[in-house]
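Chains as they are written, first to last, in full-length UniProt numbering: chain W, 1 to 505; chain H, 1 to 228.
Honestly, the hints are just simulated from the structure, not real lab data.
Treat the hints with care, as some may be off.
Unchecked claim - Derived DEER-like restraints, expressed as beta-carbon distance ranges:
hint, chain 1, residue 1, chain 2, residue 2, range
1, H, Asn73, W, Gly307, 53 to 61 angstroms
2, H, Asn73, W, Pro477, 51 to 59 angstroms
3, H, Pro207, W, Glu341, 21 to 29 angstroms
4, W, Glu280, H, Asp84, 31 to 39 angstroms
5, W, Ser287, H, Arg2, 33 to 41 angstroms
6, H, Lys150, W, Ala431, 50 to 58 angstroms
7, W, Gln474, H, Pro10, 51 to 59 angstroms
8, H, Arg2, W, Glu254, 48 to 56 angstroms
No residue lacks a Cβ here, since even glycine has one placed at the ideal position from N, Cα and C.
Okay, here's what each chain looks like letter by letter:
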Amino acid sequence: MAEDRSPPRRRWFRRRQEKQPDARRRRWPIRSAGINFALGYGVLFLISATLFLSFIWWSSTNLLNQHVRAFIETDAQELQKRWVYGGAPALGDAITDRLEQNIDDDALYLLIDRHGRRLAGNLPGWPVAIKKMNHFYELSIRRYTFTTPAEFKAYHLPHGFKMIVGHDIRGRTLLSTVITRTLIWCAVMIALLAVGGALVVRDLFRRMVGSIARTASAVANGDLNHRIALTGSETDLVAETVNTMLDRINRLMEGVRQVSNAIAHDLRTPITRARNQLEEALFSATSPDELRTAVDKAIGDLDHITGIFEALLRIAQIEAGSRRSAFTMMDLNQLLANMAELYEASAEDAGLSLHLDIVPLPPLFGDERMLQQALANLLDNAIKFSPPNSTLTLSAHPVPAMPTPETAAAEGTPAGIDISVQDQGPGMNDADILRAHERFFRAESARNTPGSGLGLSLVQAVTSLHHGRLTLTQAHPGLKVTLFLPLTQEAEQNARHTISTENPS
Amino acid sequence: MRILLVEDDPTVRSFVLKGLKEAGHNVDQADNGKDGLYLAIGEKYDIIILDRMLPGGIDGLNILETLRGQKNNTPVLLLSALSDVDDRVDGLRAGGDDYVTKPFAFSELLARVEALGRRGHNDSAPETSLTVGDLSLDLLSREVRRNGQKIDLQPREFRLLEFLVRHAGQVVTRTMLLEKVWDYHFDPQTNVIDVHVSRLRQKVDKPFETAIIHTVRNAGYILRPTQD
Ligand SMILES: Nc1ncnc2c1ncn2[C@@H]1O[C@H](COP(=O)(O)OP(=O)(O)OP(=O)(O)O)[C@@H](O)[C@H]1O
Ligand SMILES: [Mg+2]
Numbered sequence: 001m002a003e004d005r006s007p008p009r010r011r012w013f014r015r016r017q018e019k020q021p022d023a024r025r026r027r028w029p030i031r032s033a034g035i036n037f038a039l040g041y042g043v044l045f046l047i048s049a050t051l052f053l054s055f056i057w058w059s060s061t062n063l064l065n066q067h068v069r070a071f072i073e074t075d076a077q078e079l080q081k082r083w084v085y086g087g088a089p090a091l092g093d094a095i096t097d098r099l100e101q102n103i104d105d106d107a108l109y110l111l112i113d114r115h116g117r118r119l120a121g122n123l124p125g126w127p128v129a130i131k132k133m134n135h136f137y138e139l140s141i142r143r144y145t146f147t148t149p150a151e152f153k154a155y156h157l158p159h160g161f162k163m164i165v166g167h168d169i170r171g172r173t174l175l176s177t178v179i180t181r182t183l184i185w186c187a188v189m190i191a192l193l194a195v196g197g198a199l200v201v202r203d204l205f206r207r208m209v210g211s212i213a214r215t216a217s218a219v220a221n222g223d224l225n226h227r228i229a230l231t232g233s234e235t236d237l238v239a240e241t242v243n244t245m246l247d248r249i250n251r252l253m254e255g256v257r258q259v260s261n262a263i264a265h266d267l268r269t270p271i272t273r274a275r276n277q278l279e280e281a282l283f284s285a286t287s288p289d290e291l292r293t294a295v296d297k298a299i300g301d302l303d304h305i306t307g308i309f310e311a312l313l314r315i316a317q318i319e320a321g322s323r324r325s326a327f328t329m330m331d332l333n334q335l336l337a338n339m340a341e342l343y344e345a346s347a348e349d350a351g352l353s354l355h356l357d358i359v360p361l362p363p364l365f366g367d368e369r370m371l372q373q374a375l376a377n378l379l380d381n382a383i384k385f386s387p388p389n390s391t392l393t394l395s396a397h398p399v400p401a402m403p404t405p406e407t408a409a410a411e412g413t414p415a416g417i418d419i420s421v422q423d424q425g426p427g428m429n430d431a432d433i434l435r436a437h438e439r440f441f442r443a444e445s446a447r448n449t450p451g452s453g454l455g456l457s458l459v460q461a462v463t464s465l466h467h468g469r470l471t472l473t474q475a476h477p478g479l480k481v482t483l484f485l486p487l488t489q490e491a492e493q494n495a496r497h498t499i500s501t502e503n504p505s
Numbered sequence: 001m002r003i004l005l006v007e008d009d010p011t012v013r014s015f016v017l018k019g020l021k022e023a024g025h026n027v028d029q030a031d032n033g034k035d036g037l038y039l040a041i042g043e044k045y046d047i048i049i050l051d052r053m054l055p056g057g058i059d060g061l062n063i064l065e066t067l068r069g070q071k072n073n074t075p076v077l078l079l080s081a082l083s084d085v086d087d088r089v090d091g092l093r094a095g096g097d098d099y100v101t102k103p104f105a106f107s108e109l110l111a112r113v114e115a116l117g118r119r120g121h122n123d124s125a126p127e128t129s130l131t132v133g134d135l136s137l138d139l140l141s142r143e144v145r146r147n148g149q150k151i152d153l154q155p156r157e158f159r160l161l162e163f164l165v166r167h168a169g170q171v172v173t174r175t176m177l178l179e180k181v182w183d184y185h186f187d188p189q190t191n192v193i194d195v196h197v198s199r200l201r202q203k204v205d206k207p208f209e210t211a212i213i214h215t216v217r218n219a220g221y222i223l224r225p226t227q228d
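Isolated chain W (complex conformation):
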């Protein structure tokens, strides 16, 4: 049967698998996380290297410029002093002198008279670009066989003479070459690192995902007991989640298995009974009355079967966790009082007295109808299994948080609520207690009381839905069934929603 069903499902799954990357491929061609990571890493590094080198370039050229300008200014001042002492000839000599002593060959001068004739200096003529006096210009000039950038400033001298003091700044070209070269080397190294990184990261990713994938495929092939090994790495988070998920699937599968077994065994009995009754009546009933009685009984059996179905479905629904939508803040005090009132009459009718031991309880976040049903099942059981003239006790009280050092400070906020139903009946032995919550489980001694063994299963499901705990203890005499319902995070949040707290779950 499983083989009949799996091919279409697998096809559907594959189609979806193909469709998704299709959409992604249109946007970005590379699908390997490792390569993408390396690419991103490389681009990022390249951008930061460029930014960093640009800053170096910008600040060193700035420094160079400042330096050159200061040099030009002081030099010009010196030269102007020469004019004061000896006029144009002295200045001309000074310029020639300086040019001769300039080993770096980076000083530039020009001195012209009022007619524009060159008196001294190494510039061939007045550059056309220089129009304003006392203003710095940066120009490219031809020197010997090459062009080079240079910084200039022109000065007025008395009698219409003019002078240019300048400085070759080819150092900057040098700097730019160095920086460009550094950038290229950086790019090469980054590329190498990125490729290496990509390989390493991809391998890392593969190894991380591999263990999860192996488990998942084992599970897909039917081995539900396979679990992902925890390695202490970051993927443990995923691994744990997947493991929890698998546990849950396992539990659900177990539930399904239990239910199908139960249906096979336990529903057959009442169905067989109904069928036999009808068949017998059909063949051997002699009067309409006899026939009517048989049909009546069969209807009773069918109603019983319907009841079992309802209970099974309800338990399955609760276990699927779908009913948390009906959770509200509710008043347990009212709920308990009403339940006690409803059952007190039945207890009295059965010759029992119902004793209440209830202290005021804080509000609880839960599903009221489900808790009513659970409590009704417990009270049903207690009444059903109690001998006459005994006492039932319905008690409820808040449970303080475990007195750990941290919680001791948080003065007595209860961790949850214990609701228990105790009777003085035959009780249950330890082995039966362990199995009590199983579907259709009924202790040997309960064979001749009515029931189908689903009551406690539902109580268990409701308790789990509330993240609580169901405990059965022998009370000598009798049985004590306790529901522990935690006052959950959500509940507290709802109760005082003015205080915003983080929700860890």
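Chain H with the ligands: place on chain W using the hints.
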């Protein structure tokens, strides 16, 4: 009463139809949503019984929503094979007045239909007292008298009696009592309701010559006033 029954399953339909006719009602029927909607809108009924799941695109909830959208407040009882609490809530939220899950006992359905029909009649001004035969209930002081003699009742017993009196002459089932008097929606295994009714009888019937609360076999209870 004039009743419209919209149900696609022929067995269930003829079963309900026969039962309702035997109980003296005038019943129209439809086996699909389209015809059902047509009748529900075009005719005037006291009650509409709607199956939730119907073939042919228009299901019970659609019909119900259309009716309510047109401000048609005919009481509607929903029939459904879905017993999920959420489905029930959905049905009632869409404007349904009652909800019966399949499989059901006909007596349960009939009791609910008649209760709904009754409700449709007297939703006039709120009363302050109820009187049936020699029994009278003062709804404000919560005092009960029979034959002029005062009867002491617990609050819940009073509500139980009030419900029975409001449906005097009609059968009310145990489930109805559990739902309407206690607001519980589960199926108790023990005879909780019977015990409460028998307690009420101890006070209301036992001290007097004639009983007014009667048990109806396979169905529930009925309060029948002494002098007709
Ligand atoms: N209060 C109790 N005292 C002694 N035994 C109990 C008590 N409650 C439960 N049990 C045992 O646990 C079994 C399972 O209980 P559970 O409520 O699930 O089923 P049930 O009462 O037999 O049937 P159901 O509740 O479906 O009508 C019972 O059959 C009985 O053997
Ligand atoms: Mg039980």
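Can you name, in rising order, the numbers of the hints this structure does not satisfy? 1
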